[in-house]
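Participant: For the record, in the sequence shown the residue sitting at position 63 is 63 according to the working numbering, with numbers rising by one throughout.
In short, the hints are calculated from the structure, not lab data.
None of these values were measured; they are calculated from a predicted model.
Glycine residues also receive a C-beta, built at the ideal position from the N, C-alpha and C atoms.
Just to be clear, a hint being listed does not mean it is correct.
[Stated by the list, open to error] Estimated spans, in silico, between C-beta atoms of each pair:
id : residue 1 : residue 2 : range
1  : LYS73     : LEU6      : 15 to 25 Å
2  : SER71     : ARG30     : 16 to 26 Å
3  : PRO72     : THR7      : 32 to 42 Å
4  : LYS73     : PRO52     : 28 to 38 Å
5  : LYS56     : LEU6      : 29 to 39 Å
6  : PRO72     : THR46     : 32 to 42 Å
7  : THR7      : GLY29     : 30 to 40 Å
8  : PRO52     : PRO72     : 26 to 36 Å
9  : ASP34     : LYS56     : 19 to 29 Å
10 : THR38     : GLU70     : 29 to 39 Å
11 : SER71     : LYS5      : 36 to 46 Å
[What the hints assert, rightly or not] Dumping the calculated DMTMM-like pairs for lysine to aspartate or glutamate here, alpha-carbon to alpha-carbon at most 20 Å:
id : residue 1 : residue 2
12 : LYS27     : GLU10
13 : LYS73     : ASP34
14 : LYS27     : GLU12
15 : LYS20     : GLU45
16 : LYS27     : ASP68
17 : LYS20     : ASP68
18 : LYS20     : ASP34
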Amino acid sequence: MAQAKLTIGELEAGYPLYCKALRRLLKEGRSIEDIKKTVCWGHLETLNRCLPGRYKAPSYLLALIRRDLESPKD
1 MAQAKLTIGE LEAGYPLYCK ALRRLLKEGR SIEDIKKTVC WGHLETLNRC LPGRYKAPSY
61 LLALIRRDLE SPKD
């Protein structure tokens, strides 16, 4: 079966969802190795590779989200 390819525009439209999925995976306690195997990680990598000025690397986003989750809430 042929795999459907997403356009950059479609990937850009899904960016907030990929970030939300990444946050959820971290909240669930998934390992970095498991997270790197997900579709959202692949899409975030593609966006960073194609538009590096607009989209940060998934590993950087992972660190930001992890820091946010670990910081105490006021």
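Participant: Hints first: check each against the structure and report whether it holds.
Facilitator: Each hint tested on the structure:
Against the hinted window of 15 to 25 Å, the Cβ-Cβ separation of LYS73 and LEU6 comes to about 35 Å, which falls outside the hint. Look at SER71 against ARG30: about 20 Å separates their beta carbons, and that is inside 16 to 26 Å. Checked against the hint of 32 to 42 Å, the pair PRO72 and THR7 passes, with Cβ atoms roughly 41 Å apart. With their beta carbons about 32 Å apart, LYS73 and PRO52 fall inside the hinted range of 28 to 38 Å.
A hinted range of 29 to 39 Å is violated for the C-beta pair LYS56 and LEU6, which are about 19 Å apart. Distance hint check: the CB atoms of PRO72 and THR46 are about 34 Å apart, consistent with the given range 32 to 42 Å. Checking the proposed 30 to 40 Å range against THR7 and GLY29 shows it holds: the Cβ atoms sit about 33 Å from each other. The given range of 26 to 36 Å is respected by PRO52 and PRO72, whose C-beta atoms sit roughly 33 Å from each other.
For ASP34 and LYS56, the Cβ-Cβ distance of about 21 Å falls inside the hinted range of 19 to 29 Å, so the restraint holds. Here the CB-CB span from THR38 to GLU70 is close to 21 Å, at odds with the stated 29 to 39 Å. At roughly 38 Å, the beta carbons of SER71 and LYS5 sit within the given window of 36 to 46 Å. As the CA atoms of LYS27 and GLU10 are separated by approximately 26 Å, the hinted pair breaks the 20 Å bound.
A hinted pair counts as satisfied when its Cα atoms are at most 20 Å apart, and LYS73 with ASP34 does not qualify at roughly 27 Å. Using a Cα cut-off of 20 Å, the hinted pair LYS27 and GLU12 is violated, with the two alpha carbons roughly 24 Å apart. Simply put, LYS20 and GLU45 have alpha-carbon atoms about 15 Å apart, close enough for the 20 Å limit, and the pair holds. For the given pair, LYS27 sits about 11 Å from ASP68 by alpha-carbon distance, which is consistent with the 20 Å threshold.
Between the alpha carbons of LYS20 and ASP68 the distance comes to roughly 13 Å, so the proposed pair stays at or under 20 Å and holds. At roughly 16 Å between alpha-carbon atoms, LYS20 and ASP34 fall within 20 Å of each other, so this suggested pair holds.
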